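Enquirer: Here's the letter readout for the chains.
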Amino acid sequence: VTPDAQAAVAEAFREEWGRVVASLIRSTGDWDLAEECTQDAFAEALRRWPDSGVPRRPGAWLSTVARNRALDRLRRSRTETIKLQEVTMLATPTDPTDADDDGSGIQDDRLRLMFTCCHPALPLEARVALTLRALAGLTTAEIARAFLVPESTMAKRLVRAKRKIANAAIPYRVPPAHLLPQRVTGVLAVLYLLFNEGYSVSAGAEPLRENLCTEAIRLSRALVQLMPNEPEAAGLLALMLLQHSRRRARVDGEGELVTLADQDRARWDRAEIAEATGLLEEALSTGRIGPYQLQAAIAACHADATEAATTDWVEIAGLYARLARVMPSPVVELNRAVAVAMADGPAAGLALVEALAATPSLRGYHLLHATRADLLRRLGRRPEAAESYRRALALTGSDAERRFLARRLAEVTGDDARARCERGPWPSLLRDRLEEIEAIETEARVETYDDDLRTFAAEGAPALPTATAEGYMEHDGARIWYATYGQGAPVILLHGGLGHSGNWGNQVPALIASGYRAILIDSRGHGRSTRDARPFMYEQMASDVLAVLDALAVEKAAIVGWSDGACIALILAMQAPARVAGVFFFGCNMDPSGTKEITESDPILNRCFGRHAKDYAALSATPDEFEPFAEAIGLMMATQPNYGADDLAAVRVPVTIVQSEHDEFIKREHAEYLARSIPGADLIILPGVTHFAPLQRPEQFNTIMLAFVRQVLV
Amino acid sequence: MKYLLMICADESVELTPEERAAVGSDTDSWVTEMDARGVRLQGDRLRPVSDATSVRVRDTEVLIADGPFAETKEQIAGYDIIECADLDEAIEVTARHPVARFGVIEVRPFWLL
Numbered sequence: 001v002t003p004d005a006q007a008a009v010a011e012a013f014r015e016e017w018g019r020v021v022a023s024l025i026r027s028t029g030d031w032d033l034a035e036e037c038t039q040d041a042f043a044e045a046l047r048r049w050p051d052s053g054v055p056r057r058p059g060a061w062l063s064t065v066a067r068n069r070a071l072d073r074l075r076r077s078r079t080e081t082i083k084l085q086e087v088t089m090l091a092t093p094t095d096p097t098d099a100d101d102d103g104s105g106i107q108d109d110r111l112r113l114m115f116t117c118c119h120p121a122l123p124l125e126a127r128v129a130l131t132l133r134a135l136a137g138l139t140t141a142e143i144a145r146a147f148l149v150p151e152s153t154m155a156k157r158l159v160r161a162k163r164k165i166a167n168a169a170i171p172y173r174v175p176p177a178h179l180l181p182q183r184v185t186g187v188l189a190v191l192y193l194l195f196n197e198g199y200s201v202s203a204g205a206e207p208l209r210e211n212l213c214t215e216a217i218r219l220s221r222a223l224v225q226l227m228p229n230e231p232e233a234a235g236l237l238a239l240m241l242l243q244h245s246r247r248r249a250r251v252d253g254e255g256e257l258v259t260l261a262d263q264d265r266a267r268w269d270r271a272e273i274a275e276a277t278g279l280l281e282e283a284l285s286t287g288r289i290g291p292y293q294l295q296a297a298i299a300a301c302h303a304d305a306t307e308a309a310t311t312d313w314v315e316i317a318g319l320y321a322r323l324a325r326v327m328p329s330p331v332v333e334l335n336r337a338v339a340v341a342m343a344d345g346p347a348a349g350l351a352l353v354e355a356l357a358a359t360p361s362l363r364g365y366h367l368l369h370a371t372r373a374d375l376l377r378r379l380g381r382r383p384e385a386a387e388s389y390r391r392a393l394a395l396t397g398s399d400a401e402r403r404f405l406a407r408r409l410a411e412v413t414g415d416d417a418r419a420r421c422e423r424g425p426w427p428s429l430l431r432d433r434l435e436e437i438e439a440i441e442t443e444a445r446v447e448t449y450d451d452d453l454r455t456f457a458a459e460g461a462p463a464l465p466t467a468t469a470e471g472y473m474e475h476d477g478a479r480i481w482y483a484t485y486g487q488g489a490p491v492i493l494l495h496g497g498l499g500h501s502g503n504w505g506n507q508v509p510a511l512i513a514s515g516y517r518a519i520l521i522d523s524r525g526h527g528r529s530t531r532d533a534r535p536f537m538y539e540q541m542a543s544d545v546l547a548v549l550d551a552l553a554v555e556k557a558a559i560v561g562w563s564d565g566a567c568i569a570l571i572l573a574m575q576a577p578a579r580v581a582g583v584f585f586f587g588c589n590m591d592p593s594g595t596k597e598i599t600e601s602d603p604i605l606n607r608c609f610g611r612h613a614k615d616y617a618a619l620s621a622t623p624d625e626f627e628p629f630a631e632a633i634g635l636m637m638a639t640q641p642n643y644g645a646d647d648l649a650a651v652r653v654p655v656t657i658v659q660s661e662h663d664e665f666i667k668r669e670h671a672e673y674l675a676r677s678i679p680g681a682d683l684i685i686l687p688g689v690t691h692f693a694p695l696q697r698p699e700q701f702n703t704i705m706l707a708f709v710r711q712v713l714v
Numbered sequence: 001m002k003y004l005l006m007i008c009a010d011e012s013v014e015l016t017p018e019e020r021a022a023v024g025s026d027t028d029s030w031v032t033e034m035d036a037r038g039v040r041l042q043g044d045r046l047r048p049v050s051d052a053t054s055v056r057v058r059d060t061e062v063l064i065a066d067g068p069f070a071e072t073k074e075q076i077a078g079y080d081i082i083e084c085a086d087l088d089e090a091i092e093v094t095a096r097h098p099v100a101r102f103g104v105i106e107v108r109p110f111w112l113l
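Protein sequence lines correspond, in order, to chains A and B. Terminal number for the first sequence in our numbering: 714, no gaps in between. Terminal number for the second sequence in our numbering: 113, no gaps in between.
Hints may be right or wrong, so weigh each one.
Claimed, not checked - If we take Cβ atoms under 10 angstroms as the criterion, some of the chain B residues that face chain A in the derived model are:
(1) Asp66
(2) Phe69
(3) Glu74
(4) Gly78
(5) Cys84
(6) Ala85
(7) Asp88
(8) Arg108
Stated by the list, open to error - Derived lysine-lysine pairs resembling DSS-like cross-links, with alpha carbons at most 27 angstroms apart:
(9) Lys164/A with Lys2/B
(10) Lys156/A with Lys667/A
(11) Lys73/B with Lys162/A
(12) Lys596/A with Lys667/A
Please keep in mind that the hints were generated in silico from the structure rather than gathered at the bench. Owing to the predicted nature of the structure, the values given are computational and were not obtained by experimental measurement. Note that CB positions come from ideal geometry on N, CA and C, so glycine has one too.
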């Protein structure tokens, strides 16, 4: 294949994939057939174009080849299910060399496809995935990688969504006028979410995620072309272009985040800024102003300023006030506070931030704490600033942001003399992070909540990826199952009582993606591991973990423990501190006074118990013995663990105590006591979740888990 | 396309006599309109769950229990079967049902064989 033809096919893929798929879906009603035949057409182009040359209208050529392929396949399977009528619908032009039809209607097909993919009756994460698959042509594996979920999970998600489209008769059309405003908003939200997924990552991370930005811009450009009378579509495209125009300046050579004030504005993409400004002016002139146009107008204020010092903060604060009226949200208010601080001084901004700090949904939001920290720093209130920087650090998941915050923290605590000599009169996080804050829409997170554990009860956690190594080892009367995933510094995950390693299905992919080696161990008697007749003891389980470490020749590992897994981890840290880099202690007690009494039947606990019983039957070497097993575990929990404050005071490894706001078993005072008693321990309260946070809100849990792992595994 | 509408409401919520009358007459107008449009095929109101009986057969034994099969806040208070062009039309029809304003209506496509 000559490079020229290859480039032409790649170009055609980006430009034409969505069109070809969309028109085939219309004529066949079969999404899988449409995708497969389009794929075939591109393969055919790769074979033929090097010799025959690139056709004058590559899109029409591809459409015809794909259509012929679909026709062939439908004819062959006609006897099974396909109606003859559908085949005749397809049977128009057939000669790819003469494929110069004007393609009328093809654009409408793409618009139809967008509205169907973004239909509100589909779950949000499926809308995003379908859009990437059907319109942008990403493969299931690529989409899974971009969203850090196992490929099987993504495949299931896509299959389910397509099935619902067919079974519930979600229409394939542009909605009628009375539905249009609401539905357009839905499409825009999906596109912006795509963009943010790509934009919020730091340089050097998964490149596929950065591609999401270009895909989102490409799709938005198509939408603007298809719906020229939608000022918000133009507003969204302008907003994306303005943010994207800073991409070369926002990260420096070492991968560090560069604040807006310190960015080399010469590196901003002027062509993108010009395109955005033109779009925005035209949109605003319609007088139908919406949130995307306002956000783009704010970004344009930054683009207008030739240097940071000349930024028009009064104008920006005014735009935020307007935005807060059309899109009331605490995140917008936080941005307004930042702009007010720039326009009227840090004290005015801090007053607004303090009011927001009382909003429950913002408590776990790292930018709230980062903003508060910065305002306090500028007011000279250094100890309070340091406290807020620490909270922000514990909550953020991005490497570049962590380094940035750590530099600021060092500056306010005086740990690093060099850090104090920052350039510029306002080495401020907050004004520079405006663009980031804007980019976050509280509603539109791709997080699937499973707060009530219905999904877990029905399906279990997502399947684990393929293990790098897996095996059993004999130890102290039991056969212990273990497995490792990925490469890098080792992180051991220890599951809770009655559970097994598969409960970590949401965490293992996140660890692999961040460059760690995840090690899973089924505690004795649990999952695939066996036990003997002796009663259970946490100390014995800790010695099993140590034996696996020896078998794998792992010198030292970070341990993430959940419930029983947490006390096993802490006991190991007491007994073999040299082998434990740190303990992430989630949801457990260290003496019997720390647990709550469960007095009534609780549907969440029942669902979890039911899932454990099912998994036990499927995994255990003694599948029929769940009841005596559960009884033996209950017996252990009633009296163990039993460590006092003196024991805790002797812990010498870094520990973070993590407690869910609504934990069913563990008292919050106990978690606070643990954090107080263990030297240097941190305490993190997870808002909104219960004892099953890793399943309920995996993104939230993974963020703090990764932050911890990063801290202890240098 | 045929859909079942499960009209669900919280039985413990007490409506005032005026509210109850309004829901009643609004439902009547909804039924009249949807019948005239040819959308609604049939439907009815159900007695509350205090009148429900749940039946299971396990190992040939018939197990009978008083009450609904699921203890949820919202209970099925009635149903309608509608025939629509697509889900958008079904949503439009459902959104105009008066119970949607305070309860919830589940729209389920029929399993077409």
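Enquirer: Take the hints in turn and mark each one as holding or not.
Expert: Here is how each hint holds up against the structure:
1. Because the closest C-beta pair between Asp66/B and chain A is about 18 angstroms apart, greater than 10 angstroms, the hint is violated.
2. A least Cβ separation of about 15 angstroms between Phe69/B and chain A goes past the 10 angstroms threshold, and the interface hint is therefore violated.
3. Hint status for Glu74/B: violated, given a least beta-carbon distance of 15 angstroms to chain A, over 10 angstroms.
4. Because the closest C-beta pair between Gly78/B and chain A is about 21 angstroms apart, greater than 10 angstroms, the hint is violated.
5. For the restraint placing Cys84/B at the interface with chain A, the shortest Cβ-Cβ distance is roughly 8 angstroms, inside the 10 angstroms limit, so the hint holds.
6. Look at Ala85/B: its Cβ gets to within about 8 angstroms of chain A, closer than 10 angstroms, so that hint holds up.
7. Interface hint status for Asp88/B: upheld, as the beta-carbon distance to the closest one in chain A is roughly 5 angstroms, under 10 angstroms.
8. The restraint placing Arg108/B at the interface with chain A holds, with a minimum CB-CB distance near 8 angstroms, inside the 10 angstroms limit.
9. Proximity of Lys164/A to Lys2/B is assessed by CA-CA distance (about 14 angstroms); at most 27 angstroms being required, the pair is judged to hold.
10. Between the alpha carbons of Lys156/A and Lys667/A the distance comes to roughly 38 angstroms, so the proposed pair goes past 27 angstroms and is violated.
11. Straight-line distance between C-alpha atoms of Lys73/B and Lys162/A comes to about 31 angstroms, which puts the hinted pair past the 27 angstroms bound.
12. Proximity of Lys596/A to Lys667/A is assessed by CA-CA distance (about 6 angstroms); at most 27 angstroms being required, the pair is judged to hold.
Of the numbered hints given earlier, the model fails hints 1, 2, 3, 4, 10, 11; all others are met.
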